[in-house]
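Listed in order, the protein sequences are those of chains A and B.
Its first residue numbered 2, the first sequence is counted upward by one per residue in the working numbering.
Its first residue numbered 2, the second sequence is counted upward by one per residue in the working numbering.
The hints are simulated quantities; they were obtained by calculation from the structure and are not laboratory data.
What you are looking at is a predicted structure, and each value in this text was computed from that prediction instead of being measured.
Heads up, a few of these hints could be off.
[To be verified] In silico BS3-like cross-links for lysine-lysine, where the CA-CA straight-line distance does not exceed 27 Å: (1) B:K137 - A:K137; (2) A:K98 - A:K242; (3) B:K45 - A:K30.
[Stated by the list, open to error] Output of the computed footprint for chain A on chain B, the stretches with three or more beta carbons under 8 Å from beta carbons of chain A: (4) 18-28; (5) 106-112.
[To be verified] Every beta carbon over 12 Å from chain A, so not counted as near; a handful from chain B, in silico: (6) D90; (7) R134; (8) R144; (9) G150; (10) E241; (11) D277.
We put the beta carbon where it would ideally sit given N, CA and C, even for glycine.
Here is what each chain is made of, one letter per residue.
2 protein chains.
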Amino acid sequence: MEPDRVLSDLRAYVDAELEKLFTADVPYKRLTDAMRYSLLAGGKRIRPILTLRFCQILGGDVSAAMPLALAVEMIHTYSLIHDDLPCMDNDALRRGKPTNHVVFGEGRATVAGDALQSAAFELALSAPVGPDRLVKAVAYLARAAGAAGMCGGQELDTAEDSDRSPEGLTLINDLKTGALLRAACVLGVLAAGGTDRQLAAAEDYGTHLARAFQIRDDILDITATEAALGKSVGSDAANEKPTFASILGVEAAERKVLEETEAAKAAVRETFPDPDFLLALADHLAVREK
Amino acid sequence: MEPDRVLSDLRAYVDAELEKLFTADVPYKRLTDAMRYSLLAGGKRIRPILTLRFCQILGGDVSAAMPLALAVEMIHTYSLIHDDLPCMDNDALRRGKPTNHVVFGEGRATVAGDALQSAAFELALSAPVGPDRLVKAVAYLARAAGAAGMCGGQELDTAEDSDRSPEGLTLINDLKTGALLRAACVLGVLAAGGTDRQLAAAEDYGTHLARAFQIRDDILDITATEAALGKSVGSDAANEKPTFASILGVEAAERKVLEETEAAKAAVRETFPDPDFLLALADHLAVREK
């Protein structure tokens with residue numbers, strides 16, 4: 002199947018499943034409304050698509066991987082809600098819409114993020130995957146979300162005295178963006194019962210894809226318009242936060258995006274059957290304009 | 002063994018295990034320091050003690066239940082960090098010490114709470130409990146922590162238009178405090194491989210204990226001194242937040258504490274071998290002064 006078709010099919014499947022979440026009529030409905038608001042604000046769904054696709058090309062049952070895929074997207078969404086809070090990045094605009102706390106208030110946005118994290122683990126643990134592999138998958142996700150992953154990256158990204166040499170920035174990226182993208186890939190392989198070699202290759206793909214993705218993000222923060230991006234631009238410069246794009250220059254950063262993209266592709270080209278979509282996705286993300 | 006001895010032994014065991022967490026020398030050490038700060042700020046450890054004790058009286062391996070017990074305490078601790086934030090209850094004092102955000106800043110406190118939640122699930126999933134029961138236990142914890150539990154209770158407790166009749170307040174308590182206390186009890190039974198009847202009884206015990214506990218808290222918010230309590234008092238009245246103690250009066254609220262305490266004791270008296278500690282704990286919490 003054509004990569005574009007894979008992307009649109011899996012994305013439609015993810016969106017349809019997300020749409021079903023948190024619709025119950027409960028006394029705390031304003032909280033679940035806040036959770037739905039950000040979950041359905043229309044991201045690229047790259048993470049859940051990766052989980053599903055890694056499972057799919059290994060011959061696994063995509064519907065069995067879906068709870069894991071949605072869980073990864075929930076972790077990602079909660080992190081965006083909290084990152085946007087006034088005490089963090091203080092962003093009012095995300096994906097072209099007012100951020101969660103602007104609509105629902107800071108307290109509720111904080112709790113909505115918290116509850117999305119809990120919901121991620123609850124849903125993930127409902128996946129019809131053998132319990133041994135399920136425990137391994139969900140533990141991997143929890144580690145990726147926590148201090149040794151996304152939260153640790155957030156700490157380093159926020160701290161004023163962090164090492165912002167290219168190596169330091171790579172560490173920040175590997176934790177803040179890489180850990181969860183890696184988990185998205187690994188969970189798909191685990192859902193399908195892939196080999197250790199495939200697990201390692203999925204990790205490598207996720208690592209390099211995340212580096213390319215983040216550097217592309219940093220470039221767009223300099224070169225894109227708010228209208229094209231659907232979120233505030235120039236925030237790195239406004240926060241005086243060095244990025245690959247600002248310390249190496251946009252051109253060198255573009256080259257680094259391409260290098261990391263090639264490394265991502267190399268990781269999966271020989272290890273997985275039918276890697277075309279994974280290759281095309283890496284290429285697509287390398288040149289994205291938003 | 003005497004209930005006092007059970008309490009002090011299990012508490013010492015929990016404190017010793019908590020002390021070992023997040024000690025690694027990592028680049029994001031300020032984040033793990035913030036996590037440790039609140040985790041080691043000296044709570045009563047009632048939740049992990051309940052997990053361990055329910056496991057113990059059923060003949061289970063207490064050390065196997067420890068990761069689950071610590072996970073419950075981590076969820077509790079993260080909720081305190083977030084509850085104390087300026088955008089929530091805005092409390093500067095907790096357990097006699099400055100709250101997390103006062104020491105570490107709001108952004109880091111938010112992330113420390115987030116990372117504690119992730120760490121809870123990662124650690125819980127490492128428990129040497131059969132994978133089927135482990136999945137069930139951790140899913141129960143995730144549900145208790147989320148919108149259908151603690152976070153939903155937080156929403157109702159914070160919303161200005163929530164039902165604050167005795168029934169409404171009971172729902173708020175059952176979610177905000179009850180869900181996690183129930184989970185603490187249930188996880189101990191699951192770790193030991195208890196029967197469905199014992200699971201149900203542990204839930205009942207947790208529910209009634211939590212009601213008694215929360216109403217006692219509300220009473221102390223009116224009657225105690227800040228020095229005795231180690232945290233701000235009068236905050237409910239200052240927030241004009243009705244509680245059992247304020248709508249029924251302290252005396253009627255005290256009667257309700259005793260009723261719920263008796264219900265908690267009744268739930269476990271016949272269902273568990275050696276329930277003495279559980280009975281004594283309920284009695285102890287009913288008359289606690291802090």
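Consistency of the hints with the structure:
This hinted pair checks out: K137 (chain B) and K137 (chain A) have alpha carbons roughly 14 Å apart, not beyond 27 Å. For the proposed pair K98 (chain A) and K242 (chain A), the alpha carbon gap of about 24 Å is at most 27 Å, so the pair holds. Taken as a hint, the K45 (chain B) and K30 (chain A) pair is broken in the structure, with Cα atoms around 32 Å apart against an allowance of 27 Å. For the stretch 18-28 of chain B, the stated coverage by chain A holds: 3 residues have a C-beta nearer than 8 Å to a C-beta of that chain, and at least 3 were required.
Against chain A, the stretch 106-112 of chain B contributes 6 residues with a C-beta closer than 8 Å to a partner C-beta. That satisfies the three-residue criterion, and the hint holds. Remark: the non-interface label on D90 (chain B) conflicts with the geometry, its nearest Cβ contact in chain A lying 9 Å away (cut-off 12 Å). The Cβ of R134 (chain B) does not lie farther than 12 Å from every Cβ of chain A; its closest approach is about 9 Å, which violates its non-interface assignment. With a closest Cβ-Cβ approach of about 5 Å to chain A, R144 (chain B) is found to fall inside the 12 Å limit, against its non-interface label.
Residue placement check: G150 (chain B) does not keep its beta carbon more than 12 Å from all beta carbons of chain A (closest about 8 Å). No beta-carbon of chain A is positioned within 12 Å of the beta-carbon of E241 (chain B); the least distance is around 16 Å. The beta carbon of D277 (chain B) sits about 34 Å from the closest Cβ of chain A, which is more than 12 Å, so the claim that it is off the interface holds.
Going through the hint list in order, the structure does not satisfy hints 3, 6, 7, 8, 9.
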